[in-house]
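Undergrad: Bring the two chains, given one by one in their own frames, into a single complex with the hints.
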Amino acid sequence: MMRMNKGKLCIWAGLVAIYCSHSQTNRLTGSPYSLFGLGIESSSNVGKNAALGGGGFALNNPNAINIRNPASFGTESTNSFVFDIGFLGELSTIQNNTLEENRLASNFSSLAFSANIDEKSTFALAVLPYSDVGYSLLGIESNIEGSFDQFNSNIFGSGALNNFNLSYGRTLFKGLRLGAKISYLFGNVEETEIVQSGISGLTVAETSTYSGVQLGLGLQADLTKHIKYGGAINFPTELSGTQDRTVTKILDFTQSPVESETDIQLEKFELPWEIHNGILINPWKNLFLNFDHSFRAWDITQQQDNIGEFVDQNIFSMGAEFNIDTNGLKYIQRMQFRTGYYYDTGYLSIRGENISSRGISFGIGFPFGRGNSSMLNFSYTNMDRGSTNTILVQENIHSININISLKDIWFLKRKIN
Amino acid sequence: MRRFIFSSGLFVLILACSIDTSEIPTLEVGQDFADSNVRVILLDTFTVAVSTMRFDSIITSGTNRILVGQYKDSFFGNVKASSFLELSPPLYDLPSDAELDSVGLVLGYDRYFYSDTTRTSHLNIHLLSDDLRTDDDIFYNTSKIPFDSIPLITQIYLPEPQDEDSLFIKLPFAFGEPLFEGIRDNDINDVEELRETFRGITIQPGNDDDSSVIGFSSNSSRSYIRFFYRIPQEFDDVESTLDFAIQTNALEPKIFNRIQNSLFDPVLDTLIDQEINLPSVQSNNRSFIQSGTGYASRIQFPTIKQLFDIPGEGTILSATLRLKPPPSTYNDNLPIRDSLTILLVDQNNRITEQLFFGGQPVFGVVNQELEEFDDLIYEIPIGVYVDRELNETNFVDDAFIVYPPEFGQSVDRVILEGEEGDDFSASLVLTYAIYDEDE
Numbered sequence: 025m026m027r028m029n030k031g032k033l034c035i036w037a038g039l040v041a042i043y044c045s046h047s048q049t050n051r052l053t054g055s056p057y058s059l060f061g062l063g064i065e066s067s068s069n070v071g072k073n074a075a076l077g078g079g080g081f082a083l084n085n086p087n088a089i090n091i092r093n094p095a096s097f098g099t100e101s102t103n104s105f106v107f108d109i110g111f112l113g114e115l116s117t118i119q120n121n122t123l124e125e126n127r128l129a130s131n132f133s134s135l136a137f138s139a140n141i142d143e144k145s146t147f148a149l150a151v152l153p154y155s156d157v158g159y160s161l162l163g164i165e166s167n168i169e170g171s172f173d174q175f176n177s178n179i180f181g182s183g184a185l186n187n188f189n190l191s192y193g194r195t196l197f198k199g200l201r202l203g204a205k206i207s208y209l210f211g212n213v214e215e216t217e218i219v220q221s222g223i224s225g226l227t228v229a230e231t232s233t234y235s236g237v238q239l240g241l242g243l244q245a246d247l248t249k250h251i252k253y254g255g256a257i258n259f260p261t262e263l264s265g266t267q268d269r270t271v272t273k274i275l276d277f278t279q280s281p282v283e284s285e286t287d288i289q290l291e292k293f294e295l296p297w298e299i300h301n302g303i304l305i306n307p308w309k310n311l312f313l314n315f316d317h318s319f320r321a322w323d324i325t326q327q328q329d330n331i332g333e334f335v336d337q338n339i340f341s342m343g344a345e346f347n348i349d350t351n352g353l354k355y356i357q358r359m360q361f362r363t364g365y366y367y368d369t370g371y372l373s374i375r376g377e378n379i380s381s382r383g384i385s386f387g388i389g390f391p392f393g394r395g396n397s398s399m400l401n402f403s404y405t406n407m408d409r410g411s412t413n414t415i416l417v418q419e420n421i422h423s424i425n426i427n428i429s430l431k432d433i434w435f436l437k438r439k440i441n
Numbered sequence: 308m309r310r311f312i313f314s315s316g317l318f319v320l321i322l323a324c325s326i327d328t329s330e331i332p333t334l335e336v337g338q339d340f341a342d343s344n345v346r347v348i349l350l351d352t353f354t355v356a357v358s359t360m361r362f363d364s365i366i367t368s369g370t371n372r373i374l375v376g377q378y379k380d381s382f383f384g385n386v387k388a389s390s391f392l393e394l395s396p397p398l399y400d401l402p403s404d405a406e407l408d409s410v411g412l413v414l415g416y417d418r419y420f421y422s423d424t425t426r427t428s429h430l431n432i433h434l435l436s437d438d439l440r441t442d443d444d445i446f447y448n449t450s451k452i453p454f455d456s457i458p459l460i461t462q463i464y465l466p467e468p469q470d471e472d473s474l475f476i477k478l479p480f481a482f483g484e485p486l487f488e489g490i491r492d493n494d495i496n497d498v499e500e501l502r503e504t505f506r507g508i509t510i511q512p513g514n515d516d517d518s519s520v521i522g523f524s525s526n527s528s529r530s531y532i533r534f535f536y537r538i539p540q541e542f543d544d545v546e547s548t549l550d551f552a553i554q555t556n557a558l559e560p561k562i563f564n565r566i567q568n569s570l571f572d573p574v575l576d577t578l579i580d581q582e583i584n585l586p587s588v589q590s591n592n593r594s595f596i597q598s599g600t601g602y603a604s605r606i607q608f609p610t611i612k613q614l615f616d617i618p619g620e621g622t623i624l625s626a627t628l629r630l631k632p633p634p635s636t637y638n639d640n641l642p643i644r645d646s647l648t649i650l651l652v653d654q655n656n657r658i659t660e661q662l663f664f665g666g667q668p669v670f671g672v673v674n675q676e677l678e679e680f681d682d683l684i685y686e687i688p689i690g691v692y693v694d695r696e697l698n699e700t701n702f703v704d705d706a707f708i709v710y711p712p713e714f715g716q717s718v719d720r721v722i723l724e725g726e727e728g729d730d731f732s733a734s735l736v737l738t739y740a741i742y743d744e745d746e
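Taken in order, these protein sequences are the chains called A and B.
FYI, this note's numbering numbers position 395 of the first sequence as 419, with every residue one higher than the one before it.
FYI, this note's numbering numbers position 396 of the second sequence as 703, with every residue one higher than the one before it.
Don't read these hints as lab results, they were simulated from the structure.
Not one of these hints is a red herring.
Where chain B lies over chain A, by a calculated footprint (3+ residues, C-beta under 8 Å): (1) 153-167; (2) 173-184; (3) 222-230; (4) 276-282.
Here are the simulated EDC-like cross-link-like pairs (lysine to aspartate or glutamate), alpha carbons at most 20 Å apart as the crow flies: (5) A:292 / B:744; (6) A:292 / B:745; (7) B:612 / A:283.
The beta carbon of each residue, even a glycine, is placed where N, CA and C say it ideally should be.
Chain B extracted, bound-state conformation (with noise of 0.2 Å):
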């Protein structure tokens, strides 16, 4: 009997340990009668300071866009890109008794344009006379190397950058020939060889041009001078093409754009340092952005901390930015890009890092929901920013910068509405869940 009673404590002794079914249920019942704990809040009246700023340079070079035309933009003035290249050979080799025919500039067109290309343009073709070499192998949207003043050649042309492939410009004889033949004759068999008779090209718009900035492919296998030659035979003579293209060198970059404008603005003009920034209050309730120019939107909110008077304990679920571009500030000629670039910076503008957004660095899009009449609206996921923001003890009187993709090869512009505007402010919309509301 004894042993039987013992037997059963241990039986139910290790039924205990061994049945524990506390796997939960997963049917929704019994969900109307609990409110959630957490409360969450939709806020969007924080104040978005929105100005504008310029950056003092922008590298330019190693680009692959070939970025030539200029044109009158009503908030920046004339727009002016030109573009500087090296060109050279892949071979210094010619048969002895090749015969040059003509000498051409093949420039292909990457379909980039900003403004009117129903306008005639001009090409000037300078020849560079110094080389394109920097100290530190970069180039800015200011540099400058001195060319003759006098052009090589000038074409004037109505550009076909979505229709056509390549624009050709056909070169002096005078220009090839003694670069033909020093090449073919072993004169010039490498790049310093041939620097001492030919640094390079430019390509100016005409001065008084206003009509557009197009876009040619920097490519090797797009844009390139031509030499047709003919090496003639008994019978039919052996035709042939030796081609200079801009060669492909990380380290000395042998392509940069200069893209410049000039303004007679009084209010943009007082942008002449980086570290000045124009409130969107004191330039008509605008920011200017413009790539290859430098100008950026910069963003701040300097009411953030004001979150932390809601009584209760409480944090951030996102934080997405709202800004509006005002519709008659572009159209078909002065397209506006569906995404913005976000970089931070310190109090002095320069660039300290790269917000992200689940790994990926974070874009202002533009909601389609929100498109109302044909209006765009972009929004910024800047969640990771502001709760690190409002999570610094310190004040740090940092920002981050609003710009367009291509900042360095296009003349994009966008204009922004600021945190007064009359039908949409610049906004920063938080939702904000507090989970303890006695704290």
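The following block holds chain A by itself, in its conformation from the complex (with noise of 0.2 Å):
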């Protein structure tokens, strides 16, 4: 058996591999908020949680991977293997206090899978986005130095920051888990800013690659029968970059290279403590309730890009999960109906204005079959960030999480062989 299960494991890395070079190009936002930093927090989700408002800390189902706590994987089952793949779907509405303009991102988004090591432990390995950066800022204005006149630039960034994830979580003694987690968080962001002056141009375009490994640590206790509580930290850790950069010019009416620079230092990125918590209720039957609470210290970090600066970063969220009858004869009887809702402060301050967000969403979980854990989770997030104040924007943004979580079907014995 463990044999069999070693060979299907290389199968899975090496899907895991080509889904690597594969995301680091695509562009799953297309928010100007993204400019800041090392880009949006992205919205993908491993599993259900996006279709529960976000969090879920204290979730601990063996047929479904939560990647929000290592702790979760601490759930005792056998022979356990749960495959995730995920898509991820954005339509968002831009707006300012005058201008309204509407973006699509789409794409594959996220890659999981756990599997047992004995009946108490398993491990997880997952690929994620971990932030997206895709922004068009067209006919920015500066003043030219000494003189009454303005230049004009577009700025354009891409890129992606995708975490590559492996948990590990065991089950301590009954009620009581522990998990931990290490994530190398790698990827590119490329800016490219178009100077117009005049008859002359200037274009900068810039490729910066960040890495860095961040750790975690996952606690989850069953409180009571009906209450567990889940908590996570995230260590501080700093990405390092190195910017290659390419500058050209048109002068004169004529086009020439100005530099290529290639590995110049950058400064570190600095990834902020953060502390997570969640409980988890089933008040009735099949209904679950979780609520969640997540920090981030971006404060002490003190950093700040162009006229963004980062704060301190609080999300508050909640979520509901209900079924008629597990085991049901009737496919309604199984479905599972999830909905949630939260409340993110921001990490960003721009000008003293938090960019905010909010979202509601609902999802649907489609049970393969009956005896059979695997599921289909469609959910719908509907979020708005930003303000229209000052010179802020605001963004809607309707996106679609479809997961697919395969469980056990390596290890499905046929009845006759």
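TA: Structure representation (structure tokens):
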């Protein structure tokens, strides 16, 4: 059995590798706020968390992957193998106080699997976007110093940071699970600024490559039969970066190279302490409620970018999941209905105004068959970010997460050989 | 069931690879909350070193203008242009019974003039006493061919270069008769034989003239010596003409203009060699340009490398040189050209190359927007040149020179303000972009 297991693992690892090489160039956002830092936090999700308001630190279901808390992999099970593949589509409407614009971004978003080591411990491997960059800022007017004239510039950004995540969770004793994870964050951010001054032009194309390792710990405790607690911390880390820069210009109607430098050392980008807490309540039959809070201590990193400043971030979320009867005979009885809400104070402050966001989500889990824990998870989230006050822009984002969560497909034995 | 699972997994994978909507949105949303990462600065504090130099000689042969006249210039002294021409007929063929009636010189105005045309001028037509030939087949503004000291004829006239089509000068019958008969009697059958009798003419202005310099076309259909002859018939005689004109010959030019100025100015007279530069600070903060006589402005930017003292990494986006002729130095009689030609020279003022702007040669053009109170300012786009000066690793003592177009066939002058003017100084306006503040 173990031999077969290893063979399959190799195949999955290969798939993960293909995905990694692919995902680096993909853009999953159209948000102008992704200009700041390393882009906006990705809304791609593994499993069903997206439908539950994005939280779910206390969730521990051996039939699904909960990437939020490594302790969830400590859930006792036998010969469990879960594979999860996700797709994300976003339609966003961006508006400031005068204009409105629609942007569409979509892609294959995540790949994860978990496998039992023994009855009390499981490890999981996941690749998913960490942050996304995708913006086009057109017609930025700036003063030509020493004159009354203006020059015009357009800034385009794209890229993504990926999270290659290895988690391990173990049951310490009944009702208490511990977990740890190691995340390798890596990716490219490309920014091109095209400056137009009179009849002359300057193009600065920068490709910044960042990478770093982040460690995290998690804990889940079953407080009572109906209440579970989950907590996780991610340790602060630094992402180191190098930049390749190509500058060209148009001078007197003639294009000429200015410089082409590689491996310029960038200032390290600091990721803050993250503290997450959540509870899961099961008040009645198949109804589960989750309440979560996350805190990210951006303040002490004292980072800023362009006119944006990084500030402490609080995320409050809650979610509910219900099905009529897990073992029901009718398909509709086994379907899972989910909803959630969250409020995020935002990590970014632009000219003193926090870029907060809030979202409401609905989801349905379609089981694949009776006696089979595989699920097709579908969720819809409507999210608002920013505001149209002063110079800011507001985004309204409709996003659809589709996950296929496959359970134990490798271990199903044929009844008749 | 497994089949279904696999096919759906495959479906998602295919979907993932095929959908990639990364086209760039174009609406201008969100630009207000970002600043450009690039700083653009306008700088005009770099020293522009303006000096005057003089070419030892300018090629004037093969010109399409016969330039003749003399005027007294307040800066350049006596400016004198005279022309040397070889004229010949296209065919050496006349009826044997043809009889010469008269002969005259027709000079077609090409509308060029400089200085006062309301004053009478003299045109002295002399016969050349030597062939219009040189070893290297090039003539310069300093070249000279010996000619008879006594003119064939002197014409006193009031030039009307703008209103009249041409000027007619009657030549002595005694000049025309031997040429006419030589051709008619087949004694002169080609240019070689013609030169034994007639080598060409020079047109010289009067020695004491102070009037204008006039341009006549050297085209064979505009300027020529015309022989009017008659073939006697029983009733009415047939009248006809034979023209001697300047034949176009790229290898052996048949025309050149000698353009000289005689000067008794202690400052400008120091320019006895092409390698000498006269800084404008030593010549009343002026630089002097004149076509034909070979004066040109020489311009350098000695402090341009101070641009690198600005912190950060940057590059220039444009460079414009502004030059101003003092308004008192031009008027309707001494008109100013609205463009200037630019050439690069080395430290010995030898021309090395031409500057280009978007594939075209660089010209300095009068900026209409900067015209105030009818003051003219030339703007010269020299971004490519300045960029190169900045990037050269070794110090090269080169410069560029500025002069009007038609440098070899006119006497246009341009006086420029130097670098230390009271109300205007020659200036270099740079647009500099800093794309990396840190380094």
